[in-house]
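J.: The primary structure of each chain is shown beneath.
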Amino acid sequence: MTKALAVCRKELRQIARDQRTLLILVFVPAFFLLLYGYALNFDIRHVLLAVEDRDGTPESRAVVSAFINSGYFDLAASVHAPKDVERLLDLNEARAALVIPEGFAREVRSGRLAPVQVLINGENANTATTVLGYAGTILRTAGAQFAPGGVQLQPPLAVEPRIWYNPELRSTLFLVPGLIAYISMITAVASTALSIVREKEIGTIEQVRMAPMSTPSFIIGKTIPYFLIALASAALIIGASMVLFGLPMRGNWLALLLALSLFLVGALATGLLISTASDTQQVAFQLALLVSFLPTIMLSGFIFPISSMPRALQLVTYLVPARYFLIALRGIVLKGTELSHLLPQLAALALYAVAMLSLSSLRLARDRG
Amino acid sequence: MQRLRFLVRKEFQELRQNPRLFGLVIIAPIVQLTMLGYAATTDVRDVPVVVADGDRSAGSRELIARFDASANFSVVRTVTTTREIEPFLESGSAWLALSIPAGYGEQIDRRLPAVVQVIADGSDSNSTTVALGYATSLIGAYAQELAVPDAGAGGGGGIDGRIRIWFNPQLESRHFMIPGVLALVLLVITSNLAAMAIVREKELGTLEQLNVTPLRRWELIVGKLLPFGVIGMVDVLLVVAVAVFWFEVPLRGSFTLLFALSLLYVLCTLSLGLFISTISDTQQQAMMTATFFFLTPMIYLSGFIFPIENMPAVIQPFTYLIPLRYFLVIVRGIFLKGIGLDLLWPQAAALAAWGLVVLSLAVARSRKRAA
Chain A
110 MTKALAVCRK ELRQIARDQR TLLILVFVPA FFLLLYGYAL NFDIRHVLLA
160 VEDRDGTPES RAVVSAFINS GYFDLAASVH APKDVERLLD LNEARAALVI
210 PEGFAREVRS GRLAPVQVLI NGENANTATT VLGYAGTILR TAGAQFAPGG
260 VQLQPPLAVE PRIWYNPELR STLFLVPGLI AYISMITAVA STALSIVREK
310 EIGTIEQVRM APMSTPSFII GKTIPYFLIA LASAALIIGA SMVLFGLPMR
360 GNWLALLLAL SLFLVGALAT GLLISTASDT QQVAFQLALL VSFLPTIMLS
410 GFIFPISSMP RALQLVTYLV PARYFLIALR GIVLKGTELS HLLPQLAALA
460 LYAVAMLSLS SLRLARDRG
Chain B
8 MQRLRFLVRK EFQELRQNPR LFGLVIIAPI VQLTMLGYAA TTDVRDVPVV
58 VADGDRSAGS RELIARFDAS ANFSVVRTVT TTREIEPFLE SGSAWLALSI
108 PAGYGEQIDR RLPAVVQVIA DGSDSNSTTV ALGYATSLIG AYAQELAVPD
158 AGAGGGGGID GRIRIWFNPQ LESRHFMIPG VLALVLLVIT SNLAAMAIVR
208 EKELGTLEQL NVTPLRRWEL IVGKLLPFGV IGMVDVLLVV AVAVFWFEVP
258 LRGSFTLLFA LSLLYVLCTL SLGLFISTIS DTQQQAMMTA TFFFLTPMIY
308 LSGFIFPIEN MPAVIQPFTY LIPLRYFLVI VRGIFLKGIG LDLLWPQAAA
358 LAAWGLVVLS LAVARSRKRA A
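So the sequences go chain by chain: A and B.
To convert a position in the first sequence, counted from 1, into the numbering used here, add 109.
To convert a position in the second sequence, counted from 1, into the numbering used here, add 7.
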């Protein structure tokens, strides 16, 4: 243990000397959270709409204003030729277009179904699905006012939607826990991924090889200082999200600390394993990107729902620690989930951390011969 | 010119001596393609639903069967009271709950308006919005069916919305994400590897040796960057091939244009790598700088995943500083819309300008250091 502490002290001194790295590790995460938490959202408003109204009657204008007044669409341009619509969509100057054909008012007044055309840029499937929903709803409501006699039939079956935990469906509340996981992960992995391979490249690994201490205590000594830094920086970003983005805390602080610590140890150990397995820092960096940064964004359920992925890829997500951490984090802060409901997630995180620590010890022990 | 050739050969030799790195630059794009092609779907399928059926009538069972039959939902459990659904939502084993009140079936039979409740877990607001939309339209369609026998044929008036989706009619997320991989992989491979390769020589002290050789400054820079540029362009071919032949993303525009503009973009990312190397003393610093100050902002703020239009007005001007932004418009435009340089020239010009500015910054900085 004293030997582990000695490694720990040496590592701390080295960190203190490289002040830029230390500053990046402690403060940049909080800055990131601020930037991305503010910048990113999935709430789709102000969709740019091009309008081609070939009818030009009060009825057709009523449909156009139904779109604009809904708050979801902004009028990008009023055009008169189909070619203009095409150009606007091509140039991304409009995301959607509404085309009302001639004779619209006549059809509607005579009680027939009057066609209008809506064109949506489908490049981003996610946005397009939402816009599709908006357009359908607006047209249905606008159509009802033209129903014969102006009487609106009461639908035989109505839905009353209710949303729990995040009633306004603020995507910030959903994204911020994901950002916390992502930022903690990259900070932790980035801090350890180069630590051992650097010694290999510079040649000081020989000294490590000769040092009279066991490999596990060397690994533990390397981990502790970065764990403290990562914990401080994670605490800072969680505090910042509560103050700045109104992230609630409905659960138990101790449960949060436990989940966070297990996750961070796992992430730091992943970095160490990468470091022991690479011969150059370039390789270590590329590996870190591939096995930790990208999966944390793509395969953790942070942005993309795991249940929609193909079965084979779903199995891979079980190896991504952020998956468990996100369930635990969202559960604790947003839903107030009891610790006892989160035991499987915590167990998985603990298992991952232990596995990574032992693998990197084994790998380093092999190198030390 | 000959000196340059020697230097380039030396760089390639170094790469060959490092087979793991060589493997990685080939494997990396494949892994990214798989993740983005298969995982990056925001479509919501098989949403787990828990039903609280307080009615237990033929009518309520009919509605539940509608949910279960839809590809968007799968009913995980049917309980009796609304209170029983809470643990399902809390543990996340259901995202949506459908609550049917007692007396529902009777109201439907007597043609009285009935109300059902849909409760959604808002903690994943993105999927929830989509799932709620599905639920509303499913119930809406069912309501219409229930209503039609009354209203008689024709329904009477209204608007027939003919909605068409352009560029990506099946609304495949994949078609949007995969061309983006081209942009991401080039950024990751070329700028990061180039930056670390130069800093590595600094760290090991061999840069000094290169500095005292008769090599001219530009030869040194070109020689160090060229191999990574070549690797990047090989990755372009690889990614385009996999995208078109495996993922069947339509390539509607000109491949030559795509390749030419990728080359322009690679010049930008290489300049960025050079710039990072001039502001870092150790590879650790280069890695931190690249990841935190360039890579992450570029992923999040370029429109790669999150639409720029949704960002607050204060942030949007900053996205103009990100070269990925322009390149994404270019690749998606060429792949999905089939548009050419007549529409894409502003993006190409912006990329060229960005590359020039960063390259001159990097050269100016490295000259000052050498002096």
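It cannot be assumed that every hint is accurate.
What the hints assert, rightly or not - Quick list of in silico lysine to any residue cross-link-like pairs, SDA-like style, CA-CA up to 25 Å:
id : chain 1 : residue 1 : chain 2 : residue 2
1  : B       : K209      : A       : Q123
2  : B       : K17       : B       : R207
3  : B       : K209      : A       : D183
Hints are computed from structural coordinates only; laboratory data are not their basis.
Bear in mind that the values here come from a model prediction, so they are computed numbers and not experimental data.
J.: All the hints need checking, so say for each whether the structure fits it.
T.: Right, here's what the structure says about each hint:
1. Restraint check for K209 of chain B and Q123 of chain A: the C-alpha separation of about 19 Å stays at or below 25 Å, so the hint holds.
2. Between K17 of chain B and R207 of chain B the CA atoms are separated by roughly 15 Å; this keeps the pair inside 25 Å, and the hint holds.
3. With a C-alpha separation of about 54 Å, the suggested pair K209 of chain B and D183 of chain A falls outside the 25 Å cut-off, and the hint is violated.
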